[in-house]
Each structure stands twice: as C-alpha cells, then as structure tokens.
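Participant: If you want the building blocks of each chain, they are given just below.
Protein chains: 2
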Amino acid sequence: MSLIGLDKYELDTPSLLIDLEIMDRNISAMADYYEGVRVDLRPHVKPHKCPIIAHKQLEAGAIGITCQKLGEAEVMASAGIRNILIANQIANKQKLHRLMGLARHSDVIVGVDSLKNARQISNAASERGIKVNVAMEISGGRCGVEAGEPAVSLARELVKLRGLRFRGIWFHKGLGRYKKVEERRKAHFELLRPVIETKDMIEDAGIDVEIVSTGSTGTYNISPEVPGVTEVQAGKYVFMDRVYKALEGLEPFDYALTILATVISRPSRDRAIIDVGLKSRGSNYGALVLPLVKDMEGVELIRFSAEHGHLKLESPSRELKVGDKLELIPSNCGTTANLYDEYIGVRNDSVEVVWPISARGKAQ
Amino acid sequence: MSLIGLDKYELDTPSLLIDLEIMDRNISAMADYYEGVRVDLRPHVKPHKCPIIAHKQLEAGAIGITCQKLGEAEVMASAGIRNILIANQIANKQKLHRLMGLARHSDVIVGVDSLKNARQISNAASERGIKVNVAMEISGGRCGVEAGEPAVSLARELVKLRGLRFRGIWFHKGLGRYKKVEERRKAHFELLRPVIETKDMIEDAGIDVEIVSTGSTGTYNISPEVPGVTEVQAGKYVFMDRVYKALEGLEPFDYALTILATVISRPSRDRAIIDVGLKSRGSNYGALVLPLVKDMEGVELIRFSAEHGHLKLESPSRELKVGDKLELIPSNCGTTANLYDEYIGVRNDSVEVVWPISARGKAQ
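Quick mapping for you: the protein sequence lines, in order, are chains A and B.
What the first sequence shows, in the numbering used here, is residues 19 to 382, in sequence order.
What the second sequence shows, in the numbering used here, is residues 19 to 382, in sequence order.
Simulated from the structure, these hints should not be mistaken for lab results.
Incorrect hints may appear among the rest.
Chain copies aren't distinguished; within one or between two, either way the pair holds.
Keeping only pairs whose Cα atoms sit at most 25 Å apart, straight-line, the calculated BS3-like set for lysine-lysine is [as the list claims (entries may be wrong)]:
no.	residue 1	residue 2
1	K204	K74
2	K111	K26
3	K74	K330
4	K263	K197
5	K149	K312
Could you put the whole structure together from the sequences, leaning on the hints where they help?
Facilitator: What follows is the structure, encoded as structure tokens:
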C-alpha cells in the first residue's frame, strides 16, 4: 500500500520521518553560504545514505559528494552521481576490483595513506589501462600520513605511479567537543596549519595540489576562512541531530529528521513505554546522549532496551495514552538512518514521498 | 558471485560470520538441558532474527519461539513457524490489522497489559470471526500489569472478551547486573515469587493459566527450578557475546558470532585502524563494552567512530599489516546482527552457507 497522502500519525511505528520543508531550508541555507565564499561544498552523504538527497545537494550547488565507504559510493554512482570522494582507505583485495569498476563509471577520488596501498591501486588500474584519482589523507589522529616531510615523500611516490592521478589532500578531525564557536575556530585553525604547510611543501616540490578537502557541519563557516582549503565535507546540516544542535553557531540549520514512535504501555502515572529502542535509534560513541521528544514539555527519554524506550513524565504538555504517537529527535542522525530501509518525507504533516535509504548497511 | 567454498579470509569486510560448529554445539547444549527438565524452551529469536536458526532450535526440541516485534513474527511465520509468542504489546491501529493476518496463519500468542488494548484486539478478532491468543505481561519494571490483584482483575476481564483466548502470563526482567550465579538465582527467585503467586491467584479465580513464560539465557538453568514456570525464553545462547560471557554459569555456551574486519591503516607502531565502526557493531545501553579481538593477544579495541575502529597494539601475537583481516567478538550479538543483511556460515574456516537475516530492521 502506498503511504503517500496519509497523515503522519496514520503511519506505523517506528518510522523515520523527514520534515521536507526543514530539510530543504537546511540545504538552501548551506548552499547560500557557499555561494558567497571561494570554497566549494562537497557534502558528506554518510548521515543520509540516500541518492535523491545527494542529488538535491548537488542541484543546490555542491561540486560533488563525499562517501565513507566504497559501498556507499557504488550506490551513489549507480544513481548517476559522478564526482565522488571516498574519504577513506580501500585496503583489501576484494575491494580493489570494485574500486576499478567504480572508477570506470564515475570520477571517483579515493583516499590513500600508504605507498603499499597506493601501489596496489595503481597496479590494478594499470592492468585495466585506466587511472584512478587519489587524494592523500593527512593524519588527524586516525588514519592518514603525518603532515610535513612524510606526506611530501609519499606525494613524490604517488605521482610516479602510473595507475594513479594525484589530486590533492584531505584531512579529518572531529571537533564536537568544542561547543563554543571561538574554541572550535581556534582548534580548527591550529589543526589545519600543518595541513596547509604540507600542501605548500608538496607544491614547492613541483606537484600540483588541486584539492584540499576538509571540514564538517561544525566548521562549515570556519574552514573557508583558512587560506588553501578548496572544499568542505559538511554532512549533518541536512538533518541535524541533538549532538550537533548542542554546538554553538549552527543556528541556520534545524531538526529535519524524527523517529515516529507509539506509546505501547503506561505502567504508571509518571512513566510511558514506547516502541523505539536501541534497534531503532543509533547512538554516538562514548557519552550517552538520548533523543529528545519533539514539541512536548514534561516528557523525557530516560532509558532504552533493545526494542523499548522509557519515558519519564512530569506534567506532560499533552496526554500520552496507549496507542498515541510522538516524534523523537535522534541524538545521532547518521547511525539512526543506518537502521532504516526508508525515509518517509512529510510536508504539512502529510506524507509526500517515500525514499529508500539505498546505502543503508553498505559498510563494505 | 556465490561465496560458498571461499576461505573466510577471502571475504570482503565487514562481514558477519557464524562459526557453525560452535552454534550447533550451543543449540545442542541448551536442548540437552531442556530434555532433562519439566519446563519447555521457547527461544527468543531477537538475537539472530533468522528463520533457519529458529528452525534449528525447534528441531532440537524447542516448543515454539519468542519474538519481540510483530514484524519479526511475520517473518518467522512466513518461514513456516507456527507457535510464536510476541512478548510485547501491539498497541496501534496499523498493527492490529497485521496481527489479525498473522493470527489466521499461525498460533501466535500476543502480550497484553491493559484492558483497553485487549478490547481492541478482541474487537478486531471478533469482526473477523477469529480468536487471538493472549498472554498477560506481569510487570518487571517496564511494561506489564502489577502482580497480585491488578493482574487477577485484568485476567477476569480478559477471559470475558469474545475475541481472545487467555493462555497465561509472562514476565521479563534483565538480570545482567548479577554476574555471580548465586546472586542471579536469588534475584530471579525473588522476582518470580509474586509472579507465581499471581498465577495461583488467577487459578484460584477459576481461570486456567496454561503458560508461565519467563527467563533468558542468563537464567536458563534457574527458571526451571521455580515451581510454576512452564517455559523459558532464552535467546543469546545461540551466539553468545562479550556481555553474556561475563556472566558466571554460562560455560556450556561459546562465542559463535564474529565480525570480520580489515586493517585499513597503520598510523603508528602501536595503532591500527579497522573498517568496523559504530555502523557495523551494535552496542548495549549504558555501560560501554567494546568487542574483543578473537584469537589474538596484545590487541585491544579502544575506540569507535562511525565507520572506523581503533586498535591499540602491545606486542601483538601476530603481525597486522594493512589489508590483513581479523575477527571481532561483538559486545552485543542482537544489536550487531540487526545491522547486517546476511550471516556467512563458516565451518573449518570455509564458507558453507549464506543466510539472509530476514528480520533485520523489522522494528515495526
């Protein structure tokens, strides 16, 4: 049965809803900002994993997309998206074959941080008579080659490899612990200084560095101020979530994603149990942040089990009977979207579209 | 391409592997135990969500299965399984229709804990000229009706409803915090005392209580000692996981589930990055428990991001080069299985079967 036209409260639960108006506003607000700066937007699709949303970002002016997994990139390429940065390492034999297929049908750029890995990619490409675009990851503490001399030496080797086309560098470091804009700006500038110095050193070695890709939603208007940065990988602005809304300076972006839940039991006056548990809401790593209940006062999520959520009620602003529905704002939109097969797009509380989350589970 | 016959290290990653020999042993060990007691086994399928594994449990002697979601029950019924307890409340209108369909094609028993909800189910059943089996949940602190008088009054009402067939009661309470067998036994006996008293009170009121369903893997050999209990809902014994292995007294069951990962970067001598992150490993609620690295010493998972896992190395027992593979033992098998589309069943390190995790994501 098609869900189109239903009131959102007629939907079964748990369902993952997009408020289309808010999402459109988020996409426009980011696009408007990037119209005014010399740096490009290359949105990260990992928070939504959905080709049509990626297309909307491109239509709004993004130059391409960023993926974290080869499987995500394959899904996006098969939806007609060409300019894809895989901001990750493709390290095993099984994936090399897939990368070659992807390279033939898109302009994929793939991360590298070791000569051995780069040689494997180059050899596979040469065998097929093609060239694969690579961008070197500069270490932000996870993967990546150290900034400075180690990166310059690797760049010198990369340009010699016949199967590769060296396109530039990229850098990732989460800055979510800096809630204040000024602290985040300071940290980001400090982190990027050696990255930009490395870019200059590589160019001094006579190697063109066309791309310097970095950043996230949290630094969307900071990264473009850093001379040398060419593109920004913001992603979460599309939906936002509780963790990101806790960051100062992201006021242009609002919550677009919610989980529709049903009250399934009212064991006491101050408690309600809903049908959304750990298997229907993704978490962050480390600190425990729970979803928010949307548009209600006096209702707080206090605990989850696998398929249940526990609400504490204190003079709630509306009654919550068994069978009633409510919406949760996820703490982490990306890990939440990865649990669902489809988005239900809603406008004025009525279902307008159903979109498959085609890259859901594409962790390979 | 079929994966059958491949060596497990030839598989792409992340992949979810079952060691079939260990799983078979776990299923047999539990079945053997239940052969010897007067209580039945009704395995909970939520940790595996896979019909063929449920069938194996039934073939080994289980009397039926337990599901947590209607969507799981539909998947299991469509795989030919008839005797299904949904240990949960079906509380919204959308699900009532589905429940009626399921009731026509299986012997489903569904949880109830309120008269209003029971009336809805009864009315829907009566309209169709059928009867739906119900079992009343006795509160363990989440959903459920209070033990004692409140439960007896609800039972009196339930037997009057024409569309229902009252089958008994069930009770759930997680006891994972009691690591020692004796503490768990004591807690379980204390928790079940009012439940069994309630059963007696209902029978004194002239109402037959055919089913008293409770328990879990952690109390698999404790619940049968409680007079009055008729069946046990153990589930995690099939795979086990790090959280369950931390419980004393579960020695007959061993780790059968692993996540195959690839080392994608070696940023330094004491660190390795793998391609398994939050989106490829499910977590528990609350306390942070990380997966274990299987069959290796000197390697410890220390952190996750969305698609990356961070390993700390201290004289590791084997080398870990970029491209090398290793296996992780999940901290929580149920939330992990819910992230994958298929199990790859391995025997003697060679792929024997690929099984779809058909109830993956069936949270509705």
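Participant: Each of the hints needs a verdict: does it hold here or not?
Facilitator: Verification of the supplied hints:
no., hint, in the structure
1, K204 - K74, "neither (32 Å within a copy, 59 Å between copies)"
2, K111 - K26, "between (46 Å within a copy, 13 Å between copies)"
3, K74 - K330, "neither (39 Å within a copy, 40 Å between copies)"
4, K263 - K197, "within (10 Å within a copy, 39 Å between copies)"
5, K149 - K312, "neither (49 Å within a copy, 38 Å between copies)"
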